[in-house]
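Asker: Read off the chains here:
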Amino acid sequence: MMLFKLAIKNIRKSIKDYAIYFFTLILGVAIFYVFNAIESQTVLLNVTKNTLAIIDLMIDMLSGVSVFVSFILGFLIIYASRFLIKRRNKEFGIYLTLGMSKGKISKILLLETLIIGAISLVIGLIIGIFASQFMSVLVANSFEADLTHFTFVFSMKAVMKTIIYFGIMYLLVMIFNVLSINRSKLIDLFASSKKSEEVKMKNPLLCILVFIIAIIFLGYAYYKVTRGIESLTTTESIFIPIILGCISTFLIFWSLSGLILRIVMCFKNIYYKGLNSFVLRQISSKVNTMVFSMTVICLMLFVTICVLSSSLSIKNSMTSNLKSLVPVDIELSKIRNISDEDTYETDYHKMLQIDSNRTIEESLSLVDFDVNKYFKDMTTVYTYSDTYFGFDDTAGTALEKLKKEYPYYIFEASEEIMTLSDYNKVARLYGNKEYTLKDNEYLIIADYESMVKMRNIALKTKPVINLFGHTLYPKYDECQRGFVRISSNHINTGIIIVPDNVVDDKYLRSEIMLANYKASDKNEKQDIENTFLSIENNSNSNKININASTKISIYEASVGLGAMVTFIGLYLGIIFLISSAAILALKELSESTDNKIRYDILRKIGADEQQINHALLKQIAIFFTVPLILAIIHSVFGLQFCKTILITFGNEEMTKSITMTAIFLIIIYGGYFMITYYCSKNIIKNK
Amino acid sequence: MEKLLQVQEVEKYYGNKSNLTKALNYISFEVSKGEFVAIMGASGSGKTTLLNCIATIDKVTSGHILLGNEDITKLKKNELNRFRREELGFIFQDFNLLDTLTGYENIALALSISNVPVKKIEKRVLEVAKKLNIESILNKYPYQMSGGEKQRIASARAIITNPKLVLADEPTGALDSKSSRMLLESFNELNNMLHTTILMVTHDAFSASYANRVIFIKDGKIFNELIKADKTRKEFFDEIIDVVTILGGDLNDAL
Numbered sequence: 257m258m259l260f261k262l263a264i265k266n267i268r269k270s271i272k273d274y275a276i277y278f279f280t281l282i283l284g285v286a287i288f289y290v291f292n293a294i295e296s297q298t299v300l301l302n303v304t305k306n307t308l309a310i311i312d313l314m315i316d317m318l319s320g321v322s323v324f325v326s327f328i329l330g331f332l333i334i335y336a337s338r339f340l341i342k343r344r345n346k347e348f349g350i351y352l353t354l355g356m357s358k359g360k361i362s363k364i365l366l367l368e369t370l371i372i373g374a375i376s377l378v379i380g381l382i383i384g385i386f387a388s389q390f391m392s393v394l395v396a397n398s399f400e401a402d403l404t405h406f407t408f409v410f411s412m413k414a415v416m417k418t419i420i421y422f423g424i425m426y427l428l429v430m431i432f433n434v435l436s437i438n439r440s441k442l443i444d445l446f447a448s449s450k451k452s453e454e455v456k457m458k459n460p461l462l463c464i465l466v467f468i469i470a471i472i473f474l475g476y477a478y479y480k481v482t483r484g485i486e487s488l489t490t491t492e493s494i495f496i497p498i499i500l501g502c503i504s505t506f507l508i509f510w511s512l513s514g515l516i517l518r519i520v521m522c523f524k525n526i527y528y529k530g531l532n533s534f535v536l537r538q539i540s541s542k543v544n545t546m547v548f549s550m551t552v553i554c555l556m557l558f559v560t561i562c563v564l565s566s567s568l569s570i571k572n573s574m575t576s577n578l579k580s581l582v583p584v585d586i587e588l589s590k591i592r593n594i595s596d597e598d599t600y601e602t603d604y605h606k607m608l609q610i611d612s613n614r615t616i617e618e619s620l621s622l623v624d625f626d627v628n629k630y631f632k633d634m635t636t637v638y639t640y641s642d643t644y645f646g647f648d649d650t651a652g653t654a655l656e657k658l659k660k661e662y663p664y665y666i667f668e669a670s671e672e673i674m675t676l677s678d679y680n681k682v683a684r685l686y687g688n689k690e691y692t693l694k695d696n697e698y699l700i701i702a703d704y705e706s707m708v709k710m711r712n713i714a715l716k717t718k719p720v721i722n723l724f725g726h727t728l729y730p731k732y733d734e735c736q737r738g739f740v741r742i743s744s745n746h747i748n749t750g751i752i753i754v755p756d757n758v759v760d761d762k763y764l765r766s767e768i769m770l771a772n773y774k775a776s777d778k779n780e781k782q783d784i785e786n787t788f789l790s791i792e793n794n795s796n797s798n799k800i801n802i803n804a805s806t807k808i809s810i811y812e813a814s815v816g817l818g819a820m821v822t823f824i825g826l827y828l829g830i831i832f833l834i835s836s837a838a839i840l841a842l843k844e845l846s847e848s849t850d851n852k853i854r855y856d857i858l859r860k861i862g863a864d865e866q867q868i869n870h871a872l873l874k875q876i877a878i879f880f881t882v883p884l885i886l887a888i889i890h891s892v893f894g895l896q897f898c899k900t901i902l903i904t905f906g907n908e909e910m911t912k913s914i915t916m917t918a919i920f921l922i923i924i925y926g927g928y929f930m931i932t933y934y935c936s937k938n939i940i941k942n943k
Numbered sequence: 006m007e008k009l010l011q012v013q014e015v016e017k018y019y020g021n022k023s024n025l026t027k028a029l030n031y032i033s034f035e036v037s038k039g040e041f042v043a044i045m046g047a048s049g050s051g052k053t054t055l056l057n058c059i060a061t062i063d064k065v066t067s068g069h070i071l072l073g074n075e076d077i078t079k080l081k082k083n084e085l086n087r088f089r090r091e092e093l094g095f096i097f098q099d100f101n102l103l104d105t106l107t108g109y110e111n112i113a114l115a116l117s118i119s120n121v122p123v124k125k126i127e128k129r130v131l132e133v134a135k136k137l138n139i140e141s142i143l144n145k146y147p148y149q150m151s152g153g154e155k156q157r158i159a160s161a162r163a164i165i166t167n168p169k170l171v172l173a174d175e176p177t178g179a180l181d182s183k184s185s186r187m188l189l190e191s192f193n194e195l196n197n198m199l200h201t202t203i204l205m206v207t208h209d210a211f212s213a214s215y216a217n218r219v220i221f222i223k224d225g226k227i228f229n230e231l232i233k234a235d236k237t238r239k240e241f242f243d244e245i246i247d248v249v250t251i252l253g254g255d256l257n258d259a260l
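Protein chains in written order, with my numbering: chain E, 257 to 943; chain R, 6 to 260.
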């Protein structure tokens, strides 16, 4: 009982020191709950089966990410508690000299951790439960589902999960605390606060040299991920700019710590103004020891900014892409003309072969689906292929070179061929560019970036192709942009467009039907979609084989995918942000404790409180902004890299998502900054 | 001699009506310009309260304290900070130098806090450094200095602002005898060479014997006063001891 009282009193006494710790724990618990409670919120949403599948995938991924997050939080909590233990070394020293055993001190610590853990869990969960109500609006919004009735969602499963995960973390903290107490020696506990640091000045020439080298490294890394991005073809080559970036970040902090002081010292008007000289010396004395953690924090902030902004923009760009990539409501396709030698003697293959002799319209009428009743703007086109006519036959003299550069590509895969008039029909329907060809010309339509690149290399050599007994010459020396099949991304790997008289019905490969629904609004479209989907319940449905993609399903899939990426990005981004801000705050606070003596001296020689607070603010502000500034510079280039990688998802302006990221950054990072300042002010306050 | 500090009928009460402590009881004395005065008394005699009132850290209950022609008991909060910075200098027992700053910067800080222009700072620091003979250690950090050097830097910082009065509260309280002597000798130097007015509070007869005049306080009132005049420090010390004996009480343990 006595120990319990002592523990309670200790917490109340050091509540100010614990503020950051508490804040971090509560935030951690709340965020953990919010993201794990998404599952129970999505149950209420009125969404289709497609979306539901993606939500399931998202929930699986979120719980996977949660494990990773709990590792990060675990390390953070252990780090924070070690810092707090250090601050109280003297207190434990007094207990020990009073004759308290180490076991009892450990018990006090256990109780303290238990109490703090319990309180932070309760508060964090309460905040989390309320925050998750806002989250449910966001979830509904992201999956474009109607939140018809608002209900207060409470997820017992998420609560239990949070308690278990954080319980394990607290248990680890307890073990670490007990270990550190048992290992400590009485003399160290008392002497730990009396270490005076030697002021080491680095060689300025060396600093300048290192700084220049770091800038060159960084410049090269920046170049690699932006302009030189084409050379980053293998996984290993991506690591080079990453590693260079990390090293140069460290070197920049290392050299700046030695340089800044010297530079400012040259401007005597600034240096000898108010407490500036003191502030600068404080910083340079700390930067020496903080270079490594500054580097880590800077890189974490960099990752946060990139993850948040790109994940937030993916959803927008995916959905905005759809307008141009999915111009019609439905695309149906089926394989035609399966010959006897291309099939097997099974019932299934027999069925396929029989069905391949029917047109799409005929097949659909078998299952009582009248295309004329439901569809308008129907456009039917055909593709042709020859098993023996592959990419290698279109590459001309560039084949050897391409084979060397892309050793894993299957060059023998047969090519898809379409007649010019068919393609122009599609282009007219989509509002794309129509083409003309002379009798002995061909062109290639493609929009999948890496295939376009390969094909362009081939087309540059003006390859002549022999197709169905005709000799054709390329009209253009590069691929023409375009597509036939609807999809959420640019995935057309290439269709060879030839004059109408070249093809032979013998080589007919597939039939593609594009159409819009005969509907005037969203609901009617959904009705037709449902009617179409109900084909699979028809008794004849096993007799036909048609592939279909619909605008609605593509839309749902990409909205869902975008939402998923957004949530996971948010989750990771916020946790990273909290971690880096908390580490910085704790470092700064531990410094403030050591600096109390220095601030007392300032007070004694006549600096007033305002000046002192100002100096403190400046000092903390510099420590918070320096890694942030470098992280922002990194991000300018990092985001361009992200944009290039994510180009398949579309090319959306990132301004909006960057603004969102900035808001998150200001709230969380700024919040930690403010708390750090007020706590430090409290620590150095004259008592 | 010009009167620098006049303490006039100062009273200081602590506590409330039911439990009143008179820390200073109608105390009056004067300090002339260029004097080195020690105030002695047992713990609880009110000497530190007196110093705090003069340093404007504490407020008097009644009475007046005049520094030059300025009544410091009537200063407002903002003026107090300025007053402390510009008119007073403090010397502390443990030097109180900032370990991250060089000697030069430590001295300059006292001026830059009052926003003195850089050129003036440079001039003043070099001036004082020359007088105290510390030019060679200006660029050293405190951890590279000996105790005596640190003390000189601290003294230079105390007088760099040209304070009217330098205050020292128990400056030797926690020092070993060698460091104490060093500190007290630097007081004498400041007093003799730079004519700095010093007011020192101590309960140690040895420290007090370095002063020109010793004022004894008991129960918030002046009990006795000794003037060194032409006596040697040894003779003055014996005289102080005599008074301490009469004073009795726990001052004895100062021996």
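There may be inaccurate statements among the hints.
[Claimed, not checked] Computed list of lysine-lysine pairs in BS3-like fashion (alpha-carbon distance at most 25 angstroms, straight line):
no., chain 1, residue 1, chain 2, residue 2
1, R, Lys239, R, Lys183
2, R, Lys145, E, Lys941
3, E, Lys529, R, Lys82
4, R, Lys64, E, Lys529
5, E, Lys659, E, Lys689
6, E, Lys860, R, Lys81
7, R, Lys169, E, Lys860
8, E, Lys941, R, Lys81
9, R, Lys183, R, Lys128
10, E, Lys524, R, Lys136
11, R, Lys64, E, Lys860
12, R, Lys128, E, Lys860
13, R, Lys239, E, Lys529
14, R, Lys239, E, Lys860
15, E, Lys629, E, Lys852
16, E, Lys860, R, Lys145
17, E, Lys524, R, Lys125
18, E, Lys852, R, Lys82
In short, the hints are calculated from the structure, not lab data.
Asker: Hint by hint, say whether it matches the structure.
Answerer: Going down the list of hints, with the structure as the test:
A threshold of 25 angstroms between alpha carbons decides the hint, and for R:Lys239 with R:Lys183 the separation of about 17 angstroms falls inside it, so the pair holds. Proposed proximity of R:Lys145 and E:Lys941 is contradicted: the alpha carbons are some 29 angstroms apart, above 25 angstroms. A C-alpha spacing of about 23 angstroms is found between E:Lys529 and R:Lys82, which places the hinted pair at or below 25 angstroms, so the restraint holds. For the given pair, R:Lys64 sits about 31 angstroms from E:Lys529 by alpha-carbon distance, which is inconsistent with the 25 angstroms threshold.
Our distance criterion of 25 angstroms between C-alpha atoms is broken by E:Lys659 and E:Lys689, whose separation comes to about 32 angstroms. Straight-line distance between C-alpha atoms of E:Lys860 and R:Lys81 comes to about 19 angstroms, which keeps the hinted pair within the 25 angstroms bound. Taking the CA atoms of R:Lys169 and E:Lys860, the gap is near 17 angstroms; set against the 25 angstroms cutoff, the hint holds. A C-alpha spacing of about 22 angstroms is found between E:Lys941 and R:Lys81, which places the hinted pair at or below 25 angstroms, so the restraint holds.
Between R:Lys183 and R:Lys128 the alpha-carbon distance is near 33 angstroms, which puts this suggested pair outside the 25 angstroms criterion. Using a Cα cut-off of 25 angstroms, the hinted pair E:Lys524 and R:Lys136 holds, with the two alpha carbons roughly 24 angstroms apart. Of the pairs offered as hints, the one joining R:Lys64 and E:Lys860 holds, with about 17 angstroms between alpha carbons and a cut-off of 25 angstroms not exceeded. Using a Cα cut-off of 25 angstroms, the hinted pair R:Lys128 and E:Lys860 holds, with the two alpha carbons roughly 24 angstroms apart.
About 46 angstroms separates the Cα atoms of R:Lys239 and E:Lys529, which puts this hinted pair outside 25 angstroms; it is violated. The suggested pairing of R:Lys239 with E:Lys860 is violated, with an alpha-carbon distance near 33 angstroms, which exceeds 25 angstroms. A C-alpha spacing of about 83 angstroms is found between E:Lys629 and E:Lys852, which places the hinted pair above 25 angstroms, so the restraint is violated. At most 25 angstroms may separate the alpha-carbon atoms for a hinted pair to count; E:Lys860 and R:Lys145 meet this at roughly 22 angstroms.
Note on E:Lys524 and R:Lys125: the hinted pairing holds, with a Cα-Cα distance of about 12 angstroms set against a maximum of 25 angstroms. The suggested pairing of E:Lys852 with R:Lys82 holds, with an alpha-carbon distance near 24 angstroms, which does not exceed 25 angstroms.
Hints 2, 4, 5, 9, 13, 14, 15 from the earlier list are contradicted by this structure; the remaining hints agree with it.
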